[in-house]
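Given next are the chains, with one letter for each unit.
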Amino acid sequence: MTTTTGLGRVPLSLTPLNRKDYTSDQEVRWCPGCGDFAILAAFQGLMPTLGIKRENTVIVSGIGCSSRFPYYMDVYGMHSIHGRAPAIATGVAIAREDLNVWVVSGDGDALSIGGNHLIHALRRNVNITIMLFNNRIYGLTKGQYSPTSEAGKVTKSTPTGSIDTPFNPLSVALGAEASFVARTVDSDRQHLSEVLTAAVAHRGASLVEIYQNCPIFNDGAFDEVKGAEPGVIPLVHGQPIVFGDKCVVRDADGDLRVADLAEVGVEAAIVHDAHRPDPSLAFALSRLTDQGKIRQAPIGIFRDVDRPAYDDLVRSQVSVPDDRAAALQALLTGPETWTVA
Amino acid sequence: MTQVQKVERVAVRFAGDSGDGMQLTGDRFTADTAVVGSDFATLPNYPAEIRAPAGTLNGVSSFQVQFADYDIRTPGELVDVLVAMNPAALKSNLKDLAPGGTIIVDSGDFTNRNLTRVGYTSNPIEDGSLSSYAVHALDLTGAAVAAVTPFGLNRKDASRTKNMYALGLVTWLFSRSPEGTLEFLATKFAKKPHLRDANVAAFNAGYNFGETAELFAVRYEVGPAPLPPGTYRQISGNKAIALGLVAGAVQAKLPLFLGAYPITPASDVLHELSTFKNQGVITFQCEDEIAAIGSALGASYAGSLGTTVTSGPGLALKMETLGLAVMLELPLVVVDVQRAGPSTGMPTKTEQADLLQALYGRHGEAPIPVLAAQSPTDCFAITVEAAKIAVEYRTPVIVLSDGYLANGAEPMLVPSVEDLPAIETNFATEPNGPDGTFLPYLRDAKGARPLAVPGTPGLEHRIGGIEKADRTGNISYDPANHDWMVRQRQAKIDGIAAHIPDVVVDDPSGEARLLVVSWGSSFGPVSGAARRVRRTGRKVAHVHLRHLNPFPANLGEILKSYDKVIVPEMNLGQLAFVLRAKYLVDAESYARVRGLPISITELSGDLMDALDHLEA
Numbered sequence: 027m028t029t030t031t032g033l034g035r036v037p038l039s040l041t042p043l044n045r046k047d048y049t050s051d052q053e054v055r056w057c058p059g060c061g062d063f064a065i066l067a068a069f070q071g072l073m074p075t076l077g078i079k080r081e082n083t084v085i086v087s088g089i090g091c092s093s094r095f096p097y098y099m100d101v102y103g104m105h106s107i108h109g110r111a112p113a114i115a116t117g118v119a120i121a122r123e124d125l126n127v128w129v130v131s132g133d134g135d136a137l138s139i140g141g142n143h144l145i146h147a148l149r150r151n152v153n154i155t156i157m158l159f160n161n162r163i164y165g166l167t168k169g170q171y172s173p174t175s176e177a178g179k180v181t182k183s184t185p186t187g188s189i190d191t192p193f194n195p196l197s198v199a200l201g202a203e204a205s206f207v208a209r210t211v212d213s214d215r216q217h218l219s220e221v222l223t224a225a226v227a228h229r230g231a232s233l234v235e236i237y238q239n240c241p242i243f244n245d246g247a248f249d250e251v252k253g254a255e256p257g258v259i260p261l262v263h264g265q266p267i268v269f270g271d272k273c274v275v276r277d278a279d280g281d282l283r284v285a286d287l288a289e290v291g292v293e294a295a296i297v298h299d300a301h302r303p304d305p306s307l308a309f310a311l312s313r314l315t316d317q318g319k320i321r322q323a324p325i326g327i328f329r330d331v332d333r334p335a336y337d338d339l340v341r342s343q344v345s346v347p348d349d350r351a352a353a354l355q356a357l358l359t360g361p362e363t364w365t366v367a
Numbered sequence: 021m022t023q024v025q026k027v028e029r030v031a032v033r034f035a036g037d038s039g040d041g042m043q044l045t046g047d048r049f050t051a052d053t054a055v056v057g058s059d060f061a062t063l064p065n066y067p068a069e070i071r072a073p074a075g076t077l078n079g080v081s082s083f084q085v086q087f088a089d090y091d092i093r094t095p096g097e098l099v100d101v102l103v104a105m106n107p108a109a110l111k112s113n114l115k116d117l118a119p120g121g122t123i124i125v126d127s128g129d130f131t132n133r134n135l136t137r138v139g140y141t142s143n144p145i146e147d148g149s150l151s152s153y154a155v156h157a158l159d160l161t162g163a164a165v166a167a168v169t170p171f172g173l174n175r176k177d178a179s180r181t182k183n184m185y186a187l188g189l190v191t192w193l194f195s196r197s198p199e200g201t202l203e204f205l206a207t208k209f210a211k212k213p214h215l216r217d218a219n220v221a222a223f224n225a226g227y228n229f230g231e232t233a234e235l236f237a238v239r240y241e242v243g244p245a246p247l248p249p250g251t252y253r254q255i256s257g258n259k260a261i262a263l264g265l266v267a268g269a270v271q272a273k274l275p276l277f278l279g280a281y282p283i284t285p286a287s288d289v290l291h292e293l294s295t296f297k298n299q300g301v302i303t304f305q306c307e308d309e310i311a312a313i314g315s316a317l318g319a320s321y322a323g324s325l326g327t328t329v330t331s332g333p334g335l336a337l338k339m340e341t342l343g344l345a346v347m348l349e350l351p352l353v354v355v356d357v358q359r360a361g362p363s364t365g366m367p368t369k370t371e372q373a374d375l376l377q378a379l380y381g382r383h384g385e386a387p388i389p390v391l392a393a394q395s396p397t398d399c400f401a402i403t404v405e406a407a408k409i410a411v412e413y414r415t416p417v418i419v420l421s422d423g424y425l426a427n428g429a430e431p432m433l434v435p436s437v438e439d440l441p442a443i444e445t446n447f448a449t450e451p452n453g454p455d456g457t458f459l460p461y462l463r464d465a466k467g468a469r470p471l472a473v474p475g476t477p478g479l480e481h482r483i484g485g486i487e488k489a490d491r492t493g494n495i496s497y498d499p500a501n502h503d504w505m506v507r508q509r510q511a512k513i514d515g516i517a518a519h520i521p522d523v524v525v526d527d528p529s530g531e532a533r534l535l536v537v538s539w540g541s542s543f544g545p546v547s548g549a550a551r552r553v554r555r556t557g558r559k560v561a562h563v564h565l566r567h568l569n570p571f572p573a574n575l576g577e578i579l580k581s582y583d584k585v586i587v588p589e590m591n592l593g594q595l596a597f598v599l600r601a602k603y604l605v606d607a608e609s610y611a612r613v614r615g616l617p618i619s620i621t622e623l624s625g626d627l628m629d630a631l632d633h634l635e636a
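Protein chains in written order, with my numbering: chain A, 27 to 367; chain B, 21 to 636.
No wet-lab data here; the hints were simulated from the structure. Treat each hint with caution, since some may be false.
Chain B regions said to be covered by chain A (calculated; three or more residues, Cβ under 8 Å) [as the list claims (entries may be wrong)]:
1) 217-230
2) 584-594
3) 624-635
Cut-off 20 Å, straight-line C-alpha distance, at most; resulting in silico cross-link-like pairs (SDA-like, lysine to any residue) [as the list claims (entries may be wrong)]:
4) 46/A with 475/B
5) 79/A with 458/B
6) 369/B with 507/B
7) 79/A with 47/A
8) 297/B with 340/A
9) 273/B with 346/A
10) 273/B with 341/A
11) 79/A with 369/B
12) 46/A with 219/A
The model shown is predicted, which means the values in this text are computed figures rather than measured ones. Heads up, the beta-carbon is just placed ideally off N, CA and C, and yes, glycines get one too.
Turn these sequences into a full structure, and let the hints guide you.
Written as structure tokens, this is what we have:
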């Protein structure tokens, strides 16, 4: 099987498209200040740069604030049911190699009710790109804690503090054999666009966690890992992981740790390798994310490795007969018949 | 020389331990029946456990075939010949043997230990308890092992040829030619010549034993049935569903996509379709039942015929997605091979208790067409019809089959592709609204919406589970619009009644006052019971429903024209409930939920009682 990019079989547009071509006529109905606006704007700006036909993009979403996304894009879109978007998108991707298939989901949609579909889509490596808007809260149902909320979080459903241990979405994805795993933030349009471009170019399942601010129910949850804040651990393939006066080093026991540059020297910083076949470095990096209030988190592409895409493998086993009616007749007749005169 | 006696109808049951190869033996014997041209119907019965402890009652597996020189509807209730490979098989099947029936037992397996294990305190072969039957106690295992000695098999493999020895004997007993089985063995063991030769030797030894031992006073012969001329094949319900799904896709000129999660008794449809990759069929074994229907819906959205197969518990899990499919108005075929429930229930036993779930099991007003197959053969036609309705009306369709149809087999006149109904997709390719816009919910005369598949330029649009404004499909929370859309979706499904055939009442005299109504697999037993009642000179009408939603347009009129209506079902009266509610008729439920088909003997007796009461 020839490896190609994620969009390798999607037809190219004959005319250049612009962001307006990708913007639907529907009024955007997120709360003022929602991080979703920034993501939508970046996405509408990104799509024309892919050079593909507009009608060959499909966006499938589940339920939640993020899942209203398809309505605002003038492509083919399905706003489905809670948690099931990866399963539906898998059917779309298997059925059609000529489509650019996206899943838009949130922390509750992807990791709680839809956890099973997410891990299996990643494990199979279906050629889809999943945007996981993580705001660490249930917004559409008005403010209950989510599977990524920090322990102790006080919400409407946890007035005495959440006692759940949160998921680290990227650790989950890596544990599920994901071949492309990245994290970005809603407010950094350039980084967001770069990461999504790399994700869509990856053939197979790509998971992009997007730290997304919910100004109503969880405002400021990611302020310390935005822009040039000292909490951002930037991951750039081939570069030493250095930020501010800190860097990431490997201890003698193999664990990764953030250390003071002055103490260890820049040569001690580990060099990021997103293409390592073994996922343990990416996993160890994912563990540098704070579990409680996020003050420090790696941002960038954790893992990007080649692995056959499930839908390509499915199609490689299937062939359509030239004369379907004749083939059907042979099937209906079967191997053993008898004649009644 | 043994006499050959012609009989009209015989039922034979092969019973043994679940590792004894009884299903294979029964299949093989059925194939020979087909060659003779008799009509037949089969009923496999096996434990849910893959390998229950050997020699126990729980581990008994059996295969029953009834064949006749006339058109039969069921595999029969009482069997005329019982082949029992061990004491457990004898004990658990004896109750189904007709008085005076023939028993062939493997006496080699009737050891004290095996007898004690199933609770026999004395050996039934010797203690006279079987004196009302014709018992042939033969050391089948010993004879088979002796026959295969030259081939150097170990003791276990040698004794496993006993099923072929038994088959050889029964082949002789029913005056069949041994050729079919010999050819079958040559093919099956082509790569294992020593097993082929051993099985052939065991089979021939059994056949020759019948010929030379003169233990049997008569051999039987069942002639061919007067079936319509043509080419026939054997088919089970599950295989017929698989073929129906392929045929539906071919007729619609769409790729076939099956999303499925393994579940008894539906898994064979997945297995069958997964061997059709060279027919362009895509099968996707999913992480769960929800993904199975979700992926199928995604495939339909992308321009395939999306389908999924399951059983009752799986249908329950698919319900939310069925609601979405109703809202999206996308084609989807969902096959429910019903089993005894609720919950795990009795997974290998049959039941018809998912009817109300199929009709009404969803949240919101979510009408879905429901069809039910009446026989293994009909599983094909009903599935093709389901595909046609799904595609042309843009709707999910539920097909109900059950465990009895799934595994039972009968002859099928090979359908000709030319005779299959055309299925029109009519995908949208051009704008249909003002200023070159696309209105995804602008309905046609029959209420179906235009489908534009992704990749169609200029028709980009969004659909979703949220209520949509009429015509545009945009999100709408308008009260009047919701009321309108709910009614539009209902009217579309109700309108299908205009395009399905009226039901025909089976009432040869035209004078019956009692009407029996059946649906699904109860067709066989109920039509059999009606026939039996009529043979006594009494009058009973029978109407069978293959369309459960919507009902055929003339059903209400028929129900109201009889003095009494009885509805036999393998549930607690689900169809009766719907008929009473919908038509205000005093339909009486006749409920049997034993995990078995309704008994013809019992039902015909009860129908006679009902006639006595009616005519008193």
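Going through the hints against the structure:
{"no.": "1", "hint": "217-230", "in the structure": "violated (count 0)"}
{"no.": "2", "hint": "584-594", "in the structure": "violated (count 0)"}
{"no.": "3", "hint": "624-635", "in the structure": "violated (count 0)"}
{"no.": "4", "hint": "46/A with 475/B", "in the structure": "holds (19 Å)"}
{"no.": "5", "hint": "79/A with 458/B", "in the structure": "holds (18 Å)"}
{"no.": "6", "hint": "369/B with 507/B", "in the structure": "violated (39 Å)"}
{"no.": "7", "hint": "79/A with 47/A", "in the structure": "holds (11 Å)"}
{"no.": "8", "hint": "297/B with 340/A", "in the structure": "holds (10 Å)"}
{"no.": "9", "hint": "273/B with 346/A", "in the structure": "holds (11 Å)"}
{"no.": "10", "hint": "273/B with 341/A", "in the structure": "holds (18 Å)"}
{"no.": "11", "hint": "79/A with 369/B", "in the structure": "violated (52 Å)"}
{"no.": "12", "hint": "46/A with 219/A", "in the structure": "holds (17 Å)"}
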